[in-house]
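If you read the sequences in order, they're chains A and B. Per the numbering used here, residue 1 is the first one in the first sequence, and the count goes up by one each step. Per the numbering used here, residue 198 is the first one in the second sequence, and the count goes up by one each step.
Everything labelled a hint here was simulated from the structure, so no lab data went into it. Ideal Cβ placement from N, Cα and C applies to all residues, glycine included. Careful, some of the hints might be misleading.
Stated by the list, open to error - Just so you have them, the derived chain B footprint on chain A, three or more residues with Cβ under 8 Å:
1. 26-33
2. 36-46
3. 56-69
4. 93-104
5. 108-114
6. 122-131
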Amino acid sequence: MVEYRLKTPLKEDEVRKLNVGDILYITGTIFSARDQAHRRILEYAEKGLELPFNLDGAVIFHVGPIMQRKDDRWVVVSAGPTTSTRMNSTTPKLLERFRVRVIIGKGGMSFEVAEALKRFGAVYCHFTGGAGVLAAKNIKEVEGVEWIDLGMPEAVWKLKVEDFGPVTVTIDSKGRSLYETVKKSVEENLKKIYQQI
Amino acid sequence: MRINPKTLEEVAFKLLEKAATSLPDDVKKALKSAYEREDSPTAKTELKNILDNIESAEKLKKPLCQDTGMISFYVRSREIENFVEVRKALIDATVKATETIPLRPNAVHPITRKNTGNNVGEHIPHIEWIYTDQDHVELIASIKGGGSENMSALAMITPGLGVKGVKKFIVDTVVKAGAQPCPPTIVGVGLGGTVEISFKLAKLALLRPLGSRNKDKDISRLEDELFNLINQTGVGPMGLGGKTTCLDVKIEYAHCHTATLPVAVYFQCWADRRASAKISLDGSFEFIV
């Protein structure tokens, strides 16, 4: 387990060296995106339209934050991760089309996503689910918002972060996944549990 | 009886605020003892983050999880004369809470996915009336996130499989849910009844304090047994492995049709946000949870 302090935009070689279990603190800009934003990003890509934000070397955070308007700016109230599996179907294409390097969420992602992470050079990281206030503490400023018509949780929020973390690498770009390790031991445990039922 | 809508609106708002920004003592106690019990560093880190987050949220009076969920109210009282006024008061409290706490607007149309912006929509917030013979009103507010909703499941077990079939379905559902409902979860089970009744019972089970046991001896034994079995799975906090997969299992039951055995498994994430208050007829009120 190694601790890394990374700055956005991220380069492929910086991310390829990360291993499952490593702890990251990210400084720079991260983008919130969940179900609806993923769909729209891919629609834009299909139609050849330019996105209103740059995903080259980007960090995507699966989050639907609570934001509050104060005077003429937005303030983050609470911003923990959402369940990443909902983005399983759209993520491989997203990784293929854009050079996203880090995805932060909770709950893990599918085998197909792990394959795409490996192929395109990106990692998936875990942030404690429900820890919305802890996450908000590391967000220094809301730089902007796109696609607010999707509603507060589904819009793409451009977030300025300083040492955002600790986030743990749970699927690396070498095809290793902490979820697969846990799944195997749970399957073993389940055999013993069935004997007691 | 008549409930003063102004008082009710004020209490409902306070309950939503309390529920969103703090956790009941029984939940905090269970999370702390889980932290003590775990020995893997990953599991300990997850629980530490959870505990730190609760502490910060309570101090800053901010919603501890950004998913402030779908809102449900449970009104326990004698038969109410001013039903329409009471309903309006609960809706008004929801709108005010969304704007001022603030809560995340979560209510969207199921087809268009258009967000109403204020957590009010068709049948939302959910309001359930439970008639009692008490001379006071008990109001319970529950806010429940989407992650744990998505993993909830129903099975119509073949009655011939008996309690073994019930246990296997519940354990399998927990394992299948894995990391997704934000474990350690609280597993609410509605056993028997009909499809409709089973989920209502599972939700009522979730509203009971952690550690409370069903007064039926067979059911309470099943609660204990499932609690132990689920915590042997090793799913652990946030599904990253560990001893604590659930904080409790609570079951409510109803008699069912001789041909059926419904089992509703209703997950509650660790952020078990509920608050309740007793409102007396003179308009005074006190928090219960």
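Are 3 or more residues of the segment 56-69 of chain A near chain B, judged by a Cβ distance of less than 8 Å? holds (count 5)
Residues of the segment 26-33 of chain A with Cβ under 8 Å from chain B, three needed, outcome: Coverage by chain B is violated for the segment 26-33 of chain A (0 residues, Cβ < 8 Å).
Three or more residues of the segment 36-46 of chain A near chain B by CB distance under 8 Å? The restraint on the segment 36-46 of chain A is violated, since only 1 of its residues have a Cβ under 8 Å from chain B and three are required.
Does the segment 93-104 of chain A contain three or more residues whose Cβ lies closer than 8 Å to a Cβ of chain B? violated (count 0)
For the segment 122-131 of chain A, does the count of residues with a C-beta closer than 8 Å to a C-beta of chain B reach 3? Contact hint for the segment 122-131 of chain A vs chain B: holds, 5 residues under 8 Å.
Coverage of the segment 108-114 of chain A by chain B (three or more Cβ within 8 Å): violated (count 1)
In terms of the numbered hints stated before, the structure departs from hints 1, 2, 4 and 5, listed from lowest to highest.
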